[in-house]
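Kindly generate the complete structure, drawing on both the sequences and the hints.
There are 2 protein chains.
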Amino acid sequence: MKKLFRTHNCNELTKSDVGKEVVLAGWVERIRDLGGIKFIVLRDRYGTTQVVVNPSSSAYSIAQEISREYVVQIKGEVRERPEETKTNSPTGEIEVYASSIKILSESKLPPFYPGDSVSEELRLKYRYIDLRSDKMQQNIILRHKMAQAAREFLNKHGFLEIETPYLTKSTPEGARDFLVPSRLQKGKFYALPQSPQLFKQLLMISGFDKYYQFARCFRDEDLRADRQPEFTQIDIEMSFVTEEEILNIMEEFVRFVYKSVGIVLPEKFDRLTYEEAMEKYGSDKPDRRYGMELHDFTEDFRNTGFKVIDNVIENGGTVKGFITNIPMSRKIASEYEAYVKSFGLGGLLWFKIDNNEIISPTAKFLAKNYEKLRTKYKLKNGDVVLLAAFKERETLNIALGALRLKIGKEHFENKTKVIDALWVIDFPFLEWNQDEQRYVAKHHPFTLPKNIDDEPHKITAHAYDMILNGNELGGGSLRIFSREIQEKVFDLIGLTKEEANEKFGFFLEALQYGVPPHGGIAFGFDRMVAIAANSESIRDVIAFPKTASGVCQLTGAPSEVTQQQLEELSINVVKNKEKI
Amino acid sequence: MKKLFRTHNCNELTKSDVGKEVVLAGWVERIRDLGGIKFIVLRDRYGTTQVVVNPSSSAYSIAQEISREYVVQIKGEVRERPEETKTNSPTGEIEVYASSIKILSESKLPPFYPGDSVSEELRLKYRYIDLRSDKMQQNIILRHKMAQAAREFLNKHGFLEIETPYLTKSTPEGARDFLVPSRLQKGKFYALPQSPQLFKQLLMISGFDKYYQFARCFRDEDLRADRQPEFTQIDIEMSFVTEEEILNIMEEFVRFVYKSVGIVLPEKFDRLTYEEAMEKYGSDKPDRRYGMELHDFTEDFRNTGFKVIDNVIENGGTVKGFITNIPMSRKIASEYEAYVKSFGLGGLLWFKIDNNEIISPTAKFLAKNYEKLRTKYKLKNGDVVLLAAFKERETLNIALGALRLKIGKEHFENKTKVIDALWVIDFPFLEWNQDEQRYVAKHHPFTLPKNIDDEPHKITAHAYDMILNGNELGGGSLRIFSREIQEKVFDLIGLTKEEANEKFGFFLEALQYGVPPHGGIAFGFDRMVAIAANSESIRDVIAFPKTASGVCQLTGAPSEVTQQQLEELSINVVKNKEKI
Numbered sequence: 002m003k004k005l006f007r008t009h010n011c012n013e014l015t016k017s018d019v020g021k022e023v024v025l026a027g028w029v030e031r032i033r034d035l036g037g038i039k040f041i042v043l044r045d046r047y048g049t050t051q052v053v054v055n056p057s058s059s060a061y062s063i064a065q066e067i068s069r070e071y072v073v074q075i076k077g078e079v080r081e082r083p084e085e086t087k088t089n090s091p092t093g094e095i096e097v098y099a100s101s102i103k104i105l106s107e108s109k110l111p112p113f114y115p116g117d118s119v120s121e122e123l124r125l126k127y128r129y130i131d132l133r134s135d136k137m138q139q140n141i142i143l144r145h146k147m148a149q150a151a152r153e154f155l156n157k158h159g160f161l162e163i164e165t166p167y168l169t170k171s172t173p174e175g176a177r178d179f180l181v182p183s184r185l186q187k188g189k190f191y192a193l194p195q196s197p198q199l200f201k202q203l204l205m206i207s208g209f210d211k212y213y214q215f216a217r218c219f220r221d222e223d224l225r226a227d228r229q230p231e232f233t234q235i236d237i238e239m240s241f242v243t244e245e246e247i248l249n250i251m252e253e254f255v256r257f258v259y260k261s262v263g264i265v266l267p268e269k270f271d272r273l274t275y276e277e278a279m280e281k282y283g284s285d286k287p288d289r290r291y292g293m294e295l296h297d298f299t300e301d302f303r304n305t306g307f308k309v310i311d312n313v314i315e316n317g318g319t320v321k322g323f324i325t326n327i328p329m330s331r332k333i334a335s336e337y338e339a340y341v342k343s344f345g346l347g348g349l350l351w352f353k354i355d356n357n358e359i360i361s362p363t364a365k366f367l368a369k370n371y372e373k374l375r376t377k378y379k380l381k382n383g384d385v386v387l388l389a390a391f392k393e394r395e396t397l398n399i400a401l402g403a404l405r406l407k408i409g410k411e412h413f414e415n416k417t418k419v420i421d422a423l424w425v426i427d428f429p430f431l432e433w434n435q436d437e438q439r440y441v442a443k444h445h446p447f448t449l450p451k452n453i454d455d456e457p458h459k460i461t462a463h464a465y466d467m468i469l470n471g472n473e474l475g476g477g478s479l480r481i482f483s484r485e486i487q488e489k490v491f492d493l494i495g496l497t498k499e500e501a502n503e504k505f506g507f508f509l510e511a512l513q514y515g516v517p518p519h520g521g522i523a524f525g526f527d528r529m530v531a532i533a534a535n536s537e538s539i540r541d542v543i544a545f546p547k548t549a550s551g552v553c554q555l556t557g558a559p560s561e562v563t564q565q566q567l568e569e570l571s572i573n574v575v576k577n578k579e580k581i
Numbered sequence: 002m003k004k005l006f007r008t009h010n011c012n013e014l015t016k017s018d019v020g021k022e023v024v025l026a027g028w029v030e031r032i033r034d035l036g037g038i039k040f041i042v043l044r045d046r047y048g049t050t051q052v053v054v055n056p057s058s059s060a061y062s063i064a065q066e067i068s069r070e071y072v073v074q075i076k077g078e079v080r081e082r083p084e085e086t087k088t089n090s091p092t093g094e095i096e097v098y099a100s101s102i103k104i105l106s107e108s109k110l111p112p113f114y115p116g117d118s119v120s121e122e123l124r125l126k127y128r129y130i131d132l133r134s135d136k137m138q139q140n141i142i143l144r145h146k147m148a149q150a151a152r153e154f155l156n157k158h159g160f161l162e163i164e165t166p167y168l169t170k171s172t173p174e175g176a177r178d179f180l181v182p183s184r185l186q187k188g189k190f191y192a193l194p195q196s197p198q199l200f201k202q203l204l205m206i207s208g209f210d211k212y213y214q215f216a217r218c219f220r221d222e223d224l225r226a227d228r229q230p231e232f233t234q235i236d237i238e239m240s241f242v243t244e245e246e247i248l249n250i251m252e253e254f255v256r257f258v259y260k261s262v263g264i265v266l267p268e269k270f271d272r273l274t275y276e277e278a279m280e281k282y283g284s285d286k287p288d289r290r291y292g293m294e295l296h297d298f299t300e301d302f303r304n305t306g307f308k309v310i311d312n313v314i315e316n317g318g319t320v321k322g323f324i325t326n327i328p329m330s331r332k333i334a335s336e337y338e339a340y341v342k343s344f345g346l347g348g349l350l351w352f353k354i355d356n357n358e359i360i361s362p363t364a365k366f367l368a369k370n371y372e373k374l375r376t377k378y379k380l381k382n383g384d385v386v387l388l389a390a391f392k393e394r395e396t397l398n399i400a401l402g403a404l405r406l407k408i409g410k411e412h413f414e415n416k417t418k419v420i421d422a423l424w425v426i427d428f429p430f431l432e433w434n435q436d437e438q439r440y441v442a443k444h445h446p447f448t449l450p451k452n453i454d455d456e457p458h459k460i461t462a463h464a465y466d467m468i469l470n471g472n473e474l475g476g477g478s479l480r481i482f483s484r485e486i487q488e489k490v491f492d493l494i495g496l497t498k499e500e501a502n503e504k505f506g507f508f509l510e511a512l513q514y515g516v517p518p519h520g521g522i523a524f525g526f527d528r529m530v531a532i533a534a535n536s537e538s539i540r541d542v543i544a545f546p547k548t549a550s551g552v553c554q555l556t557g558a559p560s561e562v563t564q565q566q567l568e569e570l571s572i573n574v575v576k577n578k579e580k581i
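Protein chains in written order, with the numbering used here: chain A, 2 to 581; chain B, 2 to 581.
No lab work stands behind these hints: they were computed from the structure.
Some clues are possibly wrong.
Since the list gives no way to pick out one identical chain from another, each pair is judged satisfied if it fits inside one copy or across any two copies.
DSBU-like, lysine-lysine: derived pairs with alpha carbons at most 30 Å apart [claimed, not checked]:
| hint | residue 1 | residue 2 |
| --- | --- | --- |
| 1 | Lys443 | Lys4 |
| 2 | Lys281 | Lys459 |
| 3 | Lys377 | Lys332 |
| 4 | Lys443 | Lys392 |
| 5 | Lys489 | Lys109 |
| 6 | Lys443 | Lys281 |
| 7 | Lys187 | Lys576 |
| 8 | Lys260 | Lys146 |
| 9 | Lys187 | Lys126 |
| 10 | Lys459 | Lys187 |
| 11 | Lys4 | Lys103 |
| 12 | Lys76 | Lys146 |
Below, the structure written as structure tokens:
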């Protein structure tokens with residue numbers, strides 16, 4: 002048997018190993034010369050060990066050749082460190098006196114060292130160096146742990162992990178598909194799945210009862226800051242369950258997964274209806290950690306004599322706002338005003354309570370309401386009230402909700418360790434798409450409506466989103482399990498019978514052969530880990546992510562391919578086509 | 002809280018539940034009328050329960066409406082069955098007397114019932130019905146169990162599950178890539194990975210030490226009978242390990258996974274060198290369960306006076322063959338002869354021992370060797386010796402190996418419950434590609450050669466395949482971990498420096514910054530499960546497989562897409578192009 006590369010890893014040796022002959026292997030994290038003695042900090046995935054090389058050791062000449070990020074194998078004796086040089090690290094009481102060193106792999110001077118603060122572009126190009134940093138190692142290990150905890154929970158609860166195809170049928174409804182030209186079926190294309198939605202429903206129709214999958218999903222969207230063209234979803238589906246049962250077990254699931262990495266979520270998640278969420282937070286994924294709920298001030302501001310407000314109210318509009326306690330100035334106010342105007346509002350009013358007096362550019366209009374407001378809303382010194390009036394309630398909610406979030410992030414982010422977890426339920430089933438002049442499904446067209454025969458804008462869905470710190474961690478619904486209702490829904494969203502059949506005929510057919518009532522959810526696993534890692538970007542919890550323009554900085558993908566490859570696929574690249 | 006759909010599943014109720022009011026839900030597996038009483042067998046993923054509906058029950062009228070594959074919810078009382086109608090099934094001692102039945106979902110007359118013996122085409126088109134059969138349910142559950150056992154083992158041994166990209170760079174070397182046109186980077190393409198080979202090596206360079214992934218892999222090959230364009234690989238890689246350590250732990254891994262589903266593999270896997278495997282079995286994935294090792298008979302047949310043989314031997318050729326005990330006839334012999342001729346041999350000789358006499362069309366030429374052979378090979382009555390002579394030893398081995406396998410499958414398949422597990426090691430590093438007139442890597446060009454400076458055809462590799470019952474269950478190697486050797490290998494397989502840089506420049510660069518010695522393996526998970534399920538085809542252990550022409554019979558993928566989709570991707574389909 003060939004000799005082993007190492008007898009121990011770099012996080013293993015303690016005082017009880019003193020006197021042992023050991024072999025370690027790893028990267029040179031640091032190398033210093035102290036009074037003619039070389040001190041090497043050797044690093045592997047598990048930790049670090051200090052190695053000492055005396056000038057008298059035959060390893061010394063090799064030690065002179067090596068530098069940071071070299072991969073070396075070191076043989077030596079474990080000795081206890083002098084008391085004053087001991088540290089608290091797991092190997093902090095010992096050091097290894099090298100008798101021999103072997104260079105396994107040299108390293109050129111790297112463009113940066115692991116953990117250095119450099120541009121993300123450089124980190125992504127040399128991802129294999131970036132991933133050596135303690136932070137990235139911990140992130141990837143955290144991801145592993147959370148994935149295994151998720152499986153542990155789901156397995157224990159009788160879910161089966163079942164793989165569904167990645168080469169599947171294009172059904173453009175929702176985001177744009179990535180296409181894959183077929184060589185054997187010329188002129189035809191597979192699509193990469195945006196999610197395994199129909200397959201998991203087919204698995205329920207197949208009788209599998211409880212399914213899950215860590216599914217890669219693909220969406221060819223114009224990438225926003227923290228989107229990836231491929232992302233990982235924990236996809237879950239169950240048969241013969243009520244909405245209540247799904248919410249309960251999925252809450253338990255998420256608590257379990259976070260607990261496995263030491264994060265405690267609330268024992269019971271609050272539930273807000275979509276309408277409540279919009280009214281109180283101007284968002285269907287409220288981050289409640291910042292407080293600052295929106296209030297309806299319409300009645301408080303009726304007939305102030307302040308024209309702007311009076312006009313809006315007289316025309317059936319609304320006055321809303323929220324109370325905070327941030328520093329205010331004209332400059333800040335005009336920044337915030339510009340911000341809410343970008344959402345379509347006409348302006349932003351504000352006043353501040355200082356020495357029990359109202360301070361505001363528009364104080365004279367607001368003063369007469371002051372006493373009433375102060376009592377009603379328990380205003381105190383230092384409080385700031387931000388207000389807007391607008392005819393459309395939804396726009397008003399959204400704009401103020403966005404401002405609230407902006408202020409929250411600017412002033413209160415990281416001030417709270419609490420995790421805010423809740424469900425938003427009772428979503429509208431449809432939303433009006435102004436561009437296409439038709440209704441589209443708010444979640445997706447397989448969601449079970451509660452009141453299908455109502456007026457379209459009044460239909461609500463058996464749909465639910467799980468929100469964690471203002472992030473949509475997951476979303477799901479009960480599903481339609483009858484062909485008749487499914488066809489009604491396709492009709493509602495403007496699909497002709499022919500289009501419905503062409504795209505979803507196989508699924509409509511499947512709905513005819515005995516379908517269990519079913520429902521499920523899908524969690525964004527990248528985001529789930531990013532929250533646990535306290536990372537702003539999901540790129541920090543993905544080993545090899547892409548940039549916002551879909552480029553892999555490391556490999557250079559996507560790249561040009563040979564003419565032969567294109568010919569085999571019977572496709573051509575269209576060049577310089579202006580209209581595209 | 003809304004009412005539950007069921008209080009128990011269909012495999013749960015026993016005598017101890019007698020008297021309970023229960024609610025069950027599931028599919029109608031059978032419905033019979035016996036003397037005016039309806040007997041329904043209700044089925045779900047867990048099992049079946051017998052339901053009795055008396056004419057006096059208000060459920061009776063509903064029971065008259067339902068038929069097979071309806072999904073129903075049944076409320077009733079658990080009663081003990083009359084002694085004579087009890088069965089051994091888990092619920093065989095009880096039946097449920099229905100007080101009410103609710104139809105949850107009707108079923109049209111399905112094209113077949115689950116488990117019916119129908120064409121595979123029909124099974125695939127209505128996969129959701131096919132998957133309801135007990136066999137397919139068990140296969141998918143088996144797959145789940147083996148996947149979880151695999152993870153359990155790997156997690157316990159410190160491996161991290163890390164996801165690598167599916168949208169990656171095309172590096173045509175080996176099989177054909179599936180391409181994905183990029184919309185944001187017009188004219189450029191991603192490729193779907195044929196395996197995560199380079200990414201897992203980059204993870205080693207990143208210091209992750211032990212990695213695994215259940216990776217979907219994509220190869221656009223002309224599909225052979227049991228190939229799928231996408232398949233699942235258990236992809237594994239380790240740093241700082243010897244070949245011996247990898248073989249040992251991977252053997253243990255596979256034993257553990259099979260043991261989790263009740264299949265016991267040998268305590269220690271034999272190891273054959275590639276050369277031994279070719280000499281004894283004419284195959285680098287020998288199925289040794291059939292015996293019938295190939296023997297070199299050259300010396301035994303020197304100077305028989307049989308021209309065909311003498312000529313071959315005089316010209317430096319070889320006589321090989323094997324001993325079996327199947328019935329022989331001229332008809333069978335000529336079928337076998339045609340078979341070996343299809344591999345390039347000139348003919349096939351045979352003789353049989355009957356009443357201690359040699360029976361053969363060419364007995365007179367063989368008779369004089371008979372006594373010698375009988376002693377040397379311990380021939381007994383009933384033995385059949387099949388023989389061929391050919392100038393090229395490799396072709397001879399392959400042809401006889403194929404014949405051996407054919408006979409094995411025809412006569413001895415299923416006669417053995419033993420599982421044959423072994424390693425084939427010491428593979429040649431290169432093989433000559435006649436079409437391209439160059440050497441190509443036998444495994445892949447990242448494999449570590451043992452003797453890179455030797456003549457190309459003499460170089461062997463640190464490569465190993467795990468063979469189970471004649472199937473290549475997995476294959477792997479130690480990897481090159483120096484840029485210098487990697488460049489030599491690219492040169493050996495005829496890549497210019499420019500080509501190497503264009504395709505693999507990023508990887509060559511990575512090899513410069515401290516690379517641990519590493520190696521790994523990848524297992525074909527579909528095949529691994531198919532063997533455990535005793536299924537001939539991997540399609541039987543994949544929920545939604547494709548046909549040999551890459552078509553999903555269920556969804557119709559691949560399919561045509563809209564002109565708008567193509568325009569957004571700046572590609573065109575080339576039509577009627579003759580030369581393609």
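The hints, checked one at a time:
1. Lys443 <-> Lys4: between (62 Å within a copy, 27 Å between copies)
2. Lys281 <-> Lys459: Intra 20 Å, inter 76 Å, cutoff 30 Å: intra-copy only.
3. Lys377 <-> Lys332: Result: close within a single copy only, 29 Å intra versus 104 Å inter.
4. Lys443 <-> Lys392: Within one copy only: 24 Å inside, 72 Å across.
5. Lys489 <-> Lys109: between (65 Å within a copy, 20 Å between copies)
6. Lys443 <-> Lys281: So Lys443 and Lys281 pass the 30 Å test inside one copy only (20 Å; across, 65 Å).
7. Lys187 <-> Lys576: both (21 Å within a copy, 9 Å between copies)
8. Lys260 <-> Lys146: both (11 Å within a copy, 25 Å between copies)
9. Lys187 <-> Lys126: between (36 Å within a copy, 21 Å between copies)
10. Lys459 <-> Lys187: The answer is neither: 45 Å in one copy and 42 Å across copies each exceed 30 Å.
11. Lys4 <-> Lys103: within (14 Å within a copy, 69 Å between copies)
12. Lys76 <-> Lys146: neither (33 Å within a copy, 42 Å between copies)
Of the numbered hints stated above, those contradicted by the structure are hints 10 and 12, listed in ascending order.
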